[in-house]
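Enquirer: One letter stands for each residue in the lines below.
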Amino acid sequence: MADFNPSLVTLCCENSAFLVAEEENLPGVTPVKIPCGGQVEHYHILNAFDQGADGVMVLACLKENCKHFWGNDRAEKKVNYVKGMLENIGINAERLAYSPVAANNEYKYGELVKEMYDKLKEMGPMEGKVKK
Amino acid sequence: MNAQRKYPPAPEEMTFEPKVLVVGGGASGILSAEKAAELGLSVVLIEKTEELGGKAAQLSFLYQSNLSPSQWLKDKISSLEKNNKVTIYTNSQLEKVNGQVGNFKVTLNIEGKKEEMDIGAIIMATGMDLSSKMPAQVEKGAGSFLSQMEFEKQFTQLASGDSKTFVLVVKEDDFLIGCINALKYSKKLKEANHNVYVFFDEMKVSEEGTEKLYHQVREEGVTFIRGTNNLKIGQEEGKFSLTTIDPQLPVKLAKELVINFDYYIFNEDLLPGADTGKLAEILRVNLGPGGFFQEDNYHTEPVYSNRQGIYFVGACRMPDLLHNVQEQAGAAVNSIYQLSVADVKELMEKTPLIDVIKCAYCLTCYRSCPWNAIDLLYEIEGAAWDGAPYLHPLACQKCGCCVAECPNRAISFPGYTDEDMQKEFKKIGGKV
Amino acid sequence: MIIGERKPLEEVFDRTSSFNKILVLGCETCVAVCLAGGKKEAEETAEAISLHRKKENQPVEVKAESVQRQCEFEFIDEFKDLMNDYDVVLSLACGVGVQTMVDRYPEKIVLPGLNTTFLGYPLEQGVWMENCQACGDCVLDKTHGICPITRCTKSMLNGPCGGSSEGKCEISGDIEIECGWHLIHERLKALGKLDYMEEVEPPKNWSTSFHGGPRKIVREDVKIVRGE
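Residue numbers (my numbering), protein chains in the order written: chain A, 1 to 132; chain B, 1 to 432; chain C, 1 to 228.
Think of the hints as simulated: they come from the structure by calculation, not from any bench.
It is possible that some hints are incorrect.
[As the list claims (entries may be wrong)] Sample of chain C residues lacking proximity to chain A, with all beta carbon distances greater than 10 Å (derived):
(1) P8
(2) L9
(3) M129
(4) C135
(5) S165
(6) G173
(7) D195
(8) E199
[Unchecked claim] For lysine-lysine, the following DSBU-like pairs were computed, each having C-alpha atoms within a straight-line distance of at most 35 Å:
(9) A/K83 to B/K427
(10) B/K278 to A/K83
(11) C/K21 to B/K426
(12) B/K427 to C/K54
(13) B/K82 to B/K153
(14) C/K168 to B/K427
(15) B/K427 to A/K63
(16) C/K168 to B/K278
(17) A/K121 to C/K54
(18) B/K82 to A/K33
(19) A/K33 to C/K55
(20) B/K239 to B/K171
We put the beta carbon where it would ideally sit given N, CA and C, even for glycine.
Please build the complete structure, drawing on both the sequences and the hints.
Expert: The structure is reproduced here in structure tokens:
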């Protein structure tokens, strides 16, 4: 699997993570802007997997630091719910992750994404993904 | 089948009522009313008690100027009374708030009579409550123990005479008022040749000029001793003494310190006003730490609440000094002004749109909106359930929480619709 | 309102495994309001099925739609053409919706995607509570608004049974169950109507309940007879 290059989607809150994600242009990573962690829908996460993502990360603001009070908490809850769904489906729930990132924390963003990317590389392509 | 239906009001119809309701007639309320009237907004000022002034009117002096607070407020009150932009109701309370910023429908209880009013924005300036607890059981001479507010009221009388001993005890709390009061008393008392001891846990001198004041009074001979937990009060025939060991000294040097004092001044517990919880329910705003109004959020401006058009000024958000309150009043009024001139049409284009045909009126959005920006409307043309929630463009902060929660996917967020997201997902892997 | 809960996904996958064209049909009324079977859940379920099948290497065609009220013939008729394109309908409506579909389209296979749980109300967002068993003979006037049939675990009309302690029912295990008759007692006490506790209720007419078989209401005054 050495030649496998996973594709990772990061759903980034525009108030924090997206400001970092915009700057960092990492290969294989598709940052998607969302207005707040609270806007994340189960459907969108599943859809990202369906569209060919090997992993999805939801990145919102730090705890108690959400512009909209509880958006980041809701995002975390939703991610946990979808993790359950993924397990039922038979997909490794590790392919989905939630992390809080601050707007000025480029290093952490890079680290998180790299860690996830390496993990995905090890896991191999998404279960049932049609190889192009 | 799923055509978007717009429902009232159209952007042209949305007007911002240039009227501000100020709840509370203390210093914060008076300052807010004054600022709002200066900007040409009409003001309704309501006060629960019989007269304006609140707690600031009982202060006898300020630390940073020679201004007499009571006189200063009296002048402000009389100029407000003359101002034809300002209507003042005493013995009045806020009962109900409907609607959103720009068009709040407010029900007031004015001297027992209910009155409805259209209001553009609300400034809460309901102040705080003080609670004082005697530091010791005293048989005789309880008059020697005074809380800061009681002391302030009779300051000139008590500070007259010569060489009395005052003990000022400032127990630690979350606010700096206790410390600054102690400093300002020390200065005046020292000027009148009294002996002053200040016991404190944390000397909070973050306010402008207060650190200088602290050093100044120290040089003038006020004794500052850290630690308020080991104070023993002895009493004999109405004479009092205080015994303590300075915890800052090394053990070898530490010995009992006995102070015979005439007056023992302690700081009160500063508590949110008794009505704060009830008012928060009426206004649908969140309470902050300690039951005060301030929403403890990194991203919110200090005077903002979790609803647009509702602001907190003065001690009801956090007990603060008068000059800060003045700034808060300015900030609140400025942002009201900015909202009143905002381009509603432009905001509307970015606001999530509720499709009333798909809406099951399940109230999920209404309950999950962090900004309480959603109103429940009835008799909506074309709606599946006669009524539908309405997302107010001025109140909405565009976070999309309602969009994600809607079980019938009846809310679409311009820029983040399914198609937009799919477009983004199409890029997956394409970049490599 | 009718409260439901989505079936475990494994069960959904298992039941639909033999079909290759699946229509997931939500209902936009009760089950949408209790966040179990609206359009959003229909889309989620459809997406999950599609992902699962992809993983199993058995591609499937899934579509998510939702009906205004799945228990009305007129509303489901709008989806007649669409249904013909699919092998099976996975209905996210309550049991009533599923059976209405079957009644209207006997040739179609309709599978339930939801467990219909009870009649209840939201205590707060995300928490639902049962408070009516549709017994057909309401006694709420006597107990002043707290249903002994639902809230008492034993549906006793002359409670409490003696097994409750500190306001909790004796069958409480890991989940604490409030004693319905304790609640009734407290409410009557607050209203100053404790006398009712002394009264003995005669046996209830259970024939109005499910014990008399499926119930049917016929109102001649509102029935429409064509050609009248």
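Enquirer: Hints first: check each against the structure and report whether it holds.
Expert: Here is what the structure says about each hint:
1. P8: Given that some Cβ of chain A is not farther than 10 Å from that of C/P8, nearest at about 7 Å, it is violated.
2. L9: violated, 4 Å
3. M129: Per Cβ check, C/M129 is outside 10 Å of chain A; nearest 21 Å; holds.
4. C135: holds, 35 Å
5. S165: Consistent with the label, C/S165 stays out of reach of chain A, its closest Cβ about 35 Å off (over 10 Å).
6. G173: holds, 24 Å
7. D195: At roughly 48 Å from the nearest Cβ of chain A, C/D195 sits farther out than 10 Å, so the non-interface label holds.
8. E199: About 48 Å separates C/E199 from the closest Cβ of chain A, which puts it past 10 Å; holds.
9. A/K83 to B/K427: Within the cut-off at roughly 23 Å; holds.
10. B/K278 to A/K83: violated, 40 Å
11. C/K21 to B/K426: holds, 24 Å
12. B/K427 to C/K54: Holds: B/K427 and C/K54 sit about 20 Å apart, inside 35 Å.
13. B/K82 to B/K153: holds, 28 Å
14. C/K168 to B/K427: Violated, at about 57 Å.
15. B/K427 to A/K63: holds, 30 Å
16. C/K168 to B/K278: Status holds; Cα separation ~31 Å.
17. A/K121 to C/K54: holds, 20 Å
18. B/K82 to A/K33: Roughly 54 Å between the alpha carbons, so the hint for B/K82 and A/K33 is violated.
19. A/K33 to C/K55: holds, 28 Å
20. B/K239 to B/K171: OK: B/K239 and B/K171 at ~23 Å, within 35 Å.
In this structure, the earlier hints numbered 1, 2, 10, 14, 18 are contradicted, and the remaining ones agree with it.
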